Amino acid sequence: ETGVTQTPRHLVMGMTNKKSLKCEQHLGHNAMYWYKQSAKKPLELMFVYNFKEQTENNSVPSRFSPECPNSSHLFLHLHTLQPEDSALYLCASSQDREESLFFGPGTRLTVL
Amino acid sequence: RKEVEQDPGPFNVPEGATVAFNCTYSNSASQSFFWYRQDCRKEPKLLMSVYSSGNEDGRFTAQLNRASQYISLLIRDSKLSDSATYLCAVVPFGNEKLTFGTGTRLTIIP
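As given, the protein sequences belong to chains R and Z, one line each in that order.
Per my numbering, the very first residue in the first sequence carries number 1; after that it's consecutive.
Per my numbering, the very first residue in the second sequence carries number 1; after that it's consecutive.
Okay, chain Z solo, but in the shape it has when bound (with noise of 0.2 angstroms):
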């Protein structure tokens, strides 16, 4: 099983829709998650953090599944720029090297 592990997608969401993805991580005892956005032909930019207690920001949430073991992004009210990829990236406990997921390609329609 990968460390961590994303749906490559591509996601296709028309404009204004709610749109969700989930990344599973194989360490229960990972300690670090992170989202990162990835826009075509650029480098990776953090998102956001995912906390115990989950994290919003704006129109983002991000969640942590400690029991299944994965992170979620929410994204409401999607908009054209939120087109990307986006990276789940994890620290797993015993190793402090960051461990990033393949990614998960979304496109908003309009």
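Extracted from the complex, chain R is given alone in its bound form (with noise of 0.2 angstroms):
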């Protein structure tokens, strides 16, 4: 695989389930991101890691918790959604943080 993968691409959830979503980088970058794209918003960035380090959370609400095992792999864990942060949420890495960023394909999420 090349790129920026994510799993799964799309998710339907209810407010009370737990679930996770999967980002895989195979480009050696050393930063990650995790994005939310809403309609009519500009993408939101939520949280960066770098070199395995939290260096921002933007002001999420605590029942999105993000996890970088390595500089290749990043989940959001997500429990108790409300309906309004169902959206596109969107991985994406780059070399140093000021680099252009490479998306992956998202995942498209549904809150009940």
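One or more hints might be untrue.
Stated by the list, open to error - Cut-off 30 angstroms, straight-line C-alpha distance, at most; resulting in silico cross-link-like pairs (DSS-like, lysine-lysine): (1) Z:Lys97 to Z:Lys2; (2) Z:Lys79 to R:Lys52; (3) R:Lys22 to Z:Lys45; (4) Z:Lys45 to Z:Lys79; (5) Z:Lys97 to R:Lys41; (6) Z:Lys97 to R:Lys52; (7) Z:Lys79 to R:Lys18; (8) Z:Lys42 to R:Lys36; (9) R:Lys19 to Z:Lys2; (10) Z:Lys79 to R:Lys22.
By construction, these hints were calculated from the structure, which means they are not laboratory data.
The structure displayed is predicted, hence computed values, not measured ones.
With the hints as a guide, bring the two chains together.
This is the structure we're talking about:
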């Protein structure tokens, strides 16, 4: 596999469920990101990991919990989400913080 | 004022025409600028970086105007396959976070 991969591609969950999104990058990059994309809104940065260390938490509610076990893998653990959390969740990676991003295909999440 | 602003469009342009759109940014000391392309129901992909001297790649030309704080994207001889949403992204000075605009939707009409 090449680039940035994400699973699952689609997820429907109830508000009481717990699920996890997975991201893997095969580019040898040092930084990984979670973004949220909602209709008619700009991409919202959620979390940044640089060399496995979380360097940014952009005031994200605690019902979203990231995990970065190594520089190639990134998870987003979800629990007790709200319907307004329905969106496209994009993982991305870059060589350095200010370098251009490579995005994964995203997970389209629907919270019922 | 938003950090990065784009006209959402849609821009409906006949095939073969030239189209241009701008993206304004609020932080005058912003350092890095990019254009991304996002096809319907797909992820954004880097189209091109925008340098102080401008950047050209085939039919696409990106320019930076620091005095007026905007970047532009010009597409010449537009193709049907150019239909997409074009996102600009800026790295504001003092904040390493890449900040995106909402995107400009472009549709090329046969």
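(request) For the pair supplied as a hint, Z:Lys79 and R:Lys18, confirm whether the alpha-carbon distance does not exceed 30 angstroms. (result) violated (44 angstroms)
(message) Against the 30 angstroms threshold, does the CA-CA distance of Z:Lys79 and R:Lys52 hold or violate the hint?
(response) violated (42 angstroms)
(message) For a C-alpha distance cap of 30 angstroms, please report whether R:Lys22 and Z:Lys45 respect it.
(response) holds (20 angstroms)
(message) Next pair to validate is Z:Lys97 with R:Lys52; report whether the Cα-Cα distance is within 30 angstroms.
(response) With a Cα-Cα distance of about 17 angstroms, the restraint between Z:Lys97 and R:Lys52 holds, given a limit of 30 angstroms.
(request) Sort out whether Z:Lys2 lies within 30 angstroms of R:Lys19, counting only the CA atoms. (result) Outside the cut-off at roughly 34 angstroms; violated.
(message) Would the hint linking Z:Lys97 and R:Lys41 be met if the CA-CA limit is 30 angstroms?
(response) holds (17 angstroms)
(message) Would the hint linking Z:Lys42 and R:Lys36 be met if the CA-CA limit is 30 angstroms?
(response) Holds. Z:Lys42 to R:Lys36 sits at ~14 angstroms (cutoff 30 angstroms).
(message) With the threshold set at 30 angstroms, check whether the alpha-carbon distance from Z:Lys45 to Z:Lys79 stays at or below it.
(response) holds (18 angstroms)
(message) Check the hint pairing Z:Lys79 with R:Lys22 against an upper bound of 30 angstroms on the C-alpha distance.
(response) The given pair, whose Cα atoms are some 36 angstroms apart, is violated under the 30 angstroms limit.
(message) Just to be careful, I want the Cα atoms of Z:Lys97 and Z:Lys2 compared with a cutoff of 30 angstroms; is the pair within it?
(response) holds (15 angstroms)
This entry does not satisfy hints 2, 7, 9, 10, going by the numbered hints stated previously.
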